[in-house]
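Novice: Chains as they are written, first to last, in the working numbering: chain P, 306 to 412; chain E, 6 to 530.
Simulated from the structure, these hints should not be mistaken for lab results.
It is possible that some hints are incorrect.
Using 25 Å as the maximum straight-line C-alpha spacing, the simulated DSS-like pairs for lysine-lysine come out as follows [claimed, not checked]:
| id | chain 1 | residue 1 | chain 2 | residue 2 |
| --- | --- | --- | --- | --- |
| 1 | E | LYS156 | E | LYS242 |
| 2 | E | LYS336 | E | LYS58 |
| 3 | E | LYS374 | E | LYS242 |
| 4 | E | LYS215 | P | LYS362 |
| 5 | E | LYS156 | P | LYS362 |
| 6 | P | LYS362 | P | LYS409 |
| 7 | E | LYS523 | E | LYS374 |
| 8 | P | LYS311 | E | LYS42 |
| 9 | E | LYS42 | P | LYS383 |
| 10 | E | LYS353 | E | LYS274 |
| 11 | E | LYS353 | E | LYS58 |
| 12 | P | LYS321 | E | LYS42 |
| 13 | E | LYS42 | P | LYS394 |
| 14 | P | LYS394 | P | LYS383 |
| 15 | P | LYS394 | E | LYS152 |
| 16 | P | LYS323 | E | LYS42 |
| 17 | P | LYS321 | E | LYS75 |
| 18 | E | LYS215 | E | LYS374 |
| 19 | P | LYS311 | E | LYS156 |
| 20 | E | LYS215 | E | LYS233 |
| 21 | E | LYS504 | E | LYS61 |
| 22 | P | LYS335 | E | LYS274 |
| 23 | P | LYS335 | P | LYS321 |
| 24 | E | LYS504 | E | LYS58 |
| 25 | E | LYS97 | E | LYS233 |
| 26 | E | LYS336 | E | LYS61 |
| 27 | E | LYS152 | P | LYS323 |
| 28 | E | LYS75 | E | LYS42 |
| 29 | P | LYS359 | E | LYS215 |
| 30 | E | LYS374 | E | LYS358 |
| 31 | E | LYS152 | P | LYS311 |
| 32 | P | LYS335 | E | LYS42 |
| 33 | P | LYS311 | E | LYS504 |
| 34 | P | LYS383 | P | LYS358 |
| 35 | E | LYS374 | E | LYS353 |
| 36 | E | LYS336 | E | LYS353 |
| 37 | E | LYS152 | E | LYS42 |
| 38 | E | LYS215 | P | LYS321 |
| 39 | P | LYS358 | E | LYS215 |
This structure is a prediction, so every number in the text was calculated from the model and none was measured.
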Amino acid sequence: MEMRIKEHPILGVQEKEKEVTFFFDGQEIKGYEGEPIAAALKAAGFMVHRYTKKEHKPRGIFCAIGRCTDCVMVVDGKPNVRTCVTPLKEGMQIQTQDGVTALKQMK
Amino acid sequence: MKRYDLIIVGAGPSGLSAAVEAAKRGIQVVVFDENEKPGGQLFKQIHKFFGSKEHKAKIRGFRIGEDLLKEASECGVEVVLNATVIGLYLEKEVTVRIGDAVEHYKGDAIIVASGASENMVTFDGWTLPGVIGAGAAQTMMNLHGVKPGRKILMLGSGNVGLVVSFQLLQCGCDVVALVDAAPHIGGYGVHAAKVARTGVPFYLSHTIVKAEGEDRVTGVRIAEVDDKFQFIPGTEKHFEVDTICLAVGLSPMSQLLKMAGCKMEDNPKKGGQVPICDEMGRTSVEGVFVAGDVSGIEEASSAMIEGRIAGITAAEYLGYMDSIESGQRVKGHEEALEGLRQGMFAPKNRGKKIETTDEGIQISENLLKRGYIADDEIGRYPGIRQAAGVHPVMECTQNIPCNPCQDACPKGCISIGENITSLPIAVEGAECVGCGMCVASCSGQAIFLVDEQAGDGYASVTMPYEFLPLPEVGARGKGLGRDGRPVCEAEVLKVQTAKAFDQTHLLTVKVPVYMAMKARFFVAD
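Kindly produce the complete structure, drawing on both the sequences and the hints.
Specialist: Structure (structure tokens):
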């Protein structure tokens, strides 16, 4: 988790809630409870949150404060969830959104 | 439907300040905020604020936020979070989305303190993951402890672009360039200088041609623009980056006021569409008040004062105090606000290029174009004085409303005087004891202690240092000039850390005598 800031010159060592496991397109990932889903994905190196409906263009975090809705994903089966303001919970199923449904995984 | 004396929209610096003033008078007040936590953007501000004592200068933004939350809770202010105000109707009826439900409220008075939203610019590839707002970068790194990217290009040289660039460096990101289409840096020179001295290049009169990448940003091309903002052929530059950060201004979020029927205006000096209001925050609709960025883009410091004024004015409107008392209570706040609205960056001067200071000294052209003062320009400012022994050097060269350095010095070595925007003067005859309080107190990190005869043939320079790892005594490295280029060998003589310095460490490095007025940053080998 090299994208995590271990110690900050001003903020020091930031206290985190407990570590939890969640699933991104079926893949098991670790994050911290209560942090935004988007922060956990960013820390794990994932940047594409969804593809647009008409042109299938990738989108990711843009405003990070719940305003732009670019970062929406399918969370526990519910589409259009703003991942930048939705707290992470143990066992959450996060899926890349394709249009308004979950992206079909090629396997 | 639930009724309140006063409904406040937004629990940021202005909304909370307004709530405190109202609640102190026994008014039943509720504050709605769409976020999970109160405080607005204050908790992302990790730099020391400018201003004077009454503006909480030299205190970091998030600490001001903590104090404000404490004050609000002591006054019994009710804050409802995850609550988005979606409608403001006739007779001050308010609809609020809380969770998946819409609730209905009515207030006898309303204060809208909804703040601002970030502006965007479009260019080829701007929708790619990796293109983010500067506010998003601050949120990720300062609230959630995650780096926004590894290699970052910043677009926008206003105070937000400059401050966020510095914060990116602080959390360990590589800022490859700071770019702005404007010909001159928009923010404070001192903010630019602290970024430039770490080696970040500035490209003014440049903007983004294209963000490259298929599924995410992998690079960026910029090019120079002419005075009509058209690309000049043959001037393209390429950077490998994974993140492009946009800091291209803020716009007031004034939609609710328009909906409420307030008279609006398009005012470029206030950042866009704002309600027409008087100095007390009264809009054209009786009982509807505004405070903070929604009524004109400024700093958090001014937003907090505007909030206090609006809270007091609403209390008077609701009959909780008479006009004489409210007039008295508002007076001090108005004076404080007026103090912040002075100098060359005052709202009234927005967009103007100012070429000389109030003292009649020419502004450094290099500072405006490259982010640093050239070696042959620095001598003309009153904070620069050659003296025997250790002495402060104030590289503060623009009229900004800020004066903590004057109070910080126990020996009276620094004088700003009555006018808060005057340049600091190195006082002749006052004896510096080298305590470093001025260095740590300067929110712009523009004060250095210099001793040209620190030892046998060497000089010492004490500089503010807010990075990790903190170099150790004896560490060897390079002294960097104001332009961020290595100018000499340097060795750390002393590292000072103190509670009073508030996370600003004082690094004293040994440099050759002829570099005493040139070396301004240190990197270890």
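Novice: Kindly indicate which numbered hints from before are broken by the structure, ordering the numbers from low to high.
Specialist: Result: hints 22, 25, 38 break, sorted rising.
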